[in-house]
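With chain A fixed as given, assemble chains B and C onto it according to the hints.
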Amino acid sequence: MSLETIRVAPGFKEYLPREYQDLVDDGPFGRERKVSEVGSFKEAVEEHPMCAGCAMTLFIRTAIVALPSLENTVIIGTAGCGRLVLSQTAVPFIYGNYGDTNAVASGLKRGLAIRFKDKPKDVVVMAGDGGLADIGFSAVMHSWFRKERFTTVMLDNEVYGNTGGQESGMTQRGAILKMAPLGKKFEKMDMMGLAKTAGVAYIARVVPTNATRVANTIRKAVLIAREVGPTYVQAYTSCNIEYAIPTPKVMDDARMIEQQRYGFSEYFTDEAKSYWEHYERERRQVKGPDGESED
Amino acid sequence: MSESAVIEEVKTNPQGDVITSAPPPKADAKKGAASQRVVSPDYLMLQAPREAVFMTGSEAAKEAIRRANVDIAISYPITPQSETMQQVGYLYAEGYLKDYYRGEEEYGVMSAIAGASRAGVRCLTATAGPGLIRGMEVIASWPGGRLPSMLLIMCRVINAPLAIQPDNVELSYMLNTGGILFHAENQQDFYDYILAGFMIGEKPEVTLPVAVAVDGFFVTHARGWVSLPSADIKLPPRDCYHEAVPMMDNENPPIRISRDAPIQKSNFISYHMHASWQQEVWAAQARANKWVKRWMGSPIEVVNPTAKTIIVASGAMVSQSREAVRQASEQGIEVGLVKIKSLRPFPSQELVEAVDGADRIIVPEFNYVGWLAKEVRSAIPRTERVISGPRVFGGMTMPTELIMSYVKGRR
Amino acid sequence: MVMMNRGAVYEVLPGPEGILPPAATVMGVCLPEEGEGLLHGRIVSEEEAMRSAAIAMLTRRNPTLFPGPLMLWGWTEHTRDKSAPFFEVAREIPGVRIIPMPDYRPIYPKIDPEAVINPCHPNLTIWHNKIEACVLIGVHCHFANVTLKIIRGGTNCFTIALCAEAGHEDAMSSVPNVGAEKIARFAEILRLVKKEGVKPLYAGQGIIPSGWAQVASLGGSAGGQNGAFVDNGLSHHGLSHDLEHGLDENEE
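First to last, the sequence lines map onto chains A, B and C. Using numbering that gives the first Met the number 0, read the first sequence as starting at 0 and increasing by one per residue. Using numbering that gives the first Met the number 0, read the second sequence as starting at 0 and increasing by one per residue. Using numbering that gives the first Met the number 0, read the third sequence as starting at 0 and increasing by one per residue.
Bound-form chain A, shown alone (with noise of 0.2 Å):
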């Protein structure tokens, strides 16, 4: 089983650099953990370059806590800011080639239920805008109309951060940034609706304003992928870099955003939605009325 690959060998403990000592000691591994326990846990991520007061950071930092197996998880992204971090993470991260993400989670997860067919193997798809609705829009959406059981989270920073500040196809309207020099001529692309119409199984939108609505997002889009279909979950995580917001406004402009046109949101199959309440009444079973739930 799995976490068989943090058991330390015989002898070997007092050699490992410390973070590892506390990964095996501490670590997020072997059960759920709350985004109200962060700070008494090691976290799975580790020290990584993102930029200062990055939302995107903050959102991947709350996902990855969210997630409900994470010794069975396995992250694919694409070029982009959100890999710097995704890398520096305790867990298997597939950094493939330009927009190639959901083709890569397609046969990722069809080769992983093929060798562990008893035990779930989560598939996350964590990438930008720029590498979902743009260059890998094809997969994207071929890998929903396959209902291929993984779940896409797109970090939409609604511009390509990483190559410093070109339009996107998640751009708003108007905005003027580099390759859209008179500002974007056509609309924000509704990914919402188009999952909905390729029948992707669970649909959310989120801003990470609210740590625990974004770790119970995940963990439902992660669960729901992993019994019923392809989940989608659209976050809004600024680049406050080539969208100039100062860094202690940050988290003031995605409250402003979530008010004006990010709220949050989530849409259900009819599947699903069964699916979750029989898994929500379980859990009530087990945990007693408070359950584990966060919200």
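These aren't lab readings, by the way, just hints derived from the structure by calculation. A few of these clues could be false.
Lysine to any residue pairs mimicking SDA-like chemistry, simulated, CA-CA at most 20 Å apart [to be verified]:
1) K30(B) x E93(B)
2) K109(C) x S269(B)
3) K12(A) x V214(C)
4) K12(A) x S82(C)
5) K195(A) x H141(A)
6) K289(B) x S82(C)
7) K289(B) x R41(C)
8) K307(B) x G388(B)
9) K146(A) x Y172(B)
10) K41(A) x P93(C)
This is chains B and C only, laid out in the frame that chain A set:
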């Protein structure tokens, strides 16, 4: 084996065209797959008794895959490849494969192969011409990812104007990826190289994708005799924890992997690692040579080694060259032939030795650019011996008369 | 080590060979079969490869064992069985260090060359600790080869690869198919060459606190010996901090 060679009833439309919709699997179809037993690669490839069957190249590929213990195949149609992956689909329906689907297009298919290979399963796809070029961004990244997999290439024109005819210029793009590349002459080679390729690519010191190419139509759609062992044996499964990199299954250490290292920090350290990484990919390719020798006899085949005029060819051009050698012999001219089976790793040493006594080396090809002639020139001494050509392209066949005119020195 | 004159045959010798030495494989060096080993690119008996490795580890400066992920993590019975003979080997090499390669990621913001070795820049750990003989064990073959080439290019370290698979051409000495038994055999050979008269450079010393254990002790928490054999004239944070400059570009 003989059951699988029984030709299905062919349905045609009123115009007489063959209707190619998939026949439903027969009631007892799954019995064959269930009764297969694993044998050693040596037994399956070198020792098991064989029986000759007359079949197309696509069917030969099917028979190889039937015995290859493939976990997942991912298909996408393109002429002249479609027939092969359809056949693989029937194998899936009969239970020989555990998963199979039609991908969205070649970029998606090649990416999904990269995912499946990282999951530790044995995987297969096939493409042709424009499909290969569409998937090339991903295909070129497989070797660096150390991703064992099997890619079948049925060569066709890639240049505009769009055409489906055979022309193997696409293989020139495959020469520089770092992956292993075999070029099959005929239906028999296509069967044999696929099985050898799976085993070679998965060797721990190799751990690379393998491509087996054939010239479209000439081999895929034409029939030839293929000597096959019984269908009730198959290769051992992929042994993924004994390869050069960890699997992305979260079951093997380390927990922080970066197998696909994002070493993009702009400083000498990351350049250095990327350079060493690339060297290792090509070193891995060179290590395949030992296994090519074991399971494919030798990376080259030599006919009339003492001849002063030697033809060097690969793929279907070898068959044309054999005929030219025969015709020359009838006219009292001794002509030699070197067949290059493995284009990557390229058998430089073997080639140097094979053509050592030759004064003239003729390199006939099915493409405009003459990539094989360039390869030969870069591998051997005294390159003035190399006569680059004759070449035909755009789907033309190679008249043996044209090769003969080079042999006789008229060109 | 006395080498026979092999004419044009490519020799895999301790470096520094300069920028980008060729992979030994493409220079014609072949992997050994079971029962054999590689020494400087030549196929020799397993015994001869192990003897030369043992002498290097006993007589060269700051000998170090680099256990990789497949050694550090006891994820299978097979790997757990290798621990005891590994430490048996360590005990036979006076003054040996143990510095792990726990993973293959480019460590951010910098590596601590006293605590870890990393395939992205293994030369930093070799240089910083002035390591002149090392053993790679339990490193996935791809990353071992990447590492061995960088070490051969930039350092004078005698590299030894004890490989569970087919062996490594870019190590000065390599043995294939190494499981618990062959590791124990290496310990035995260490004892043997000492008995035959090879005098360890650091006779009388034990295992130097190294890897994280050393870093922790420098912080004052653990007592014991310090890394007395490293004499690089740099403070604890010298070299590595200098290398941090220029690491801030991540554009793709």
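*Which hint numbers does the structure go against, in order from smallest to largest?*
6, 9, 10
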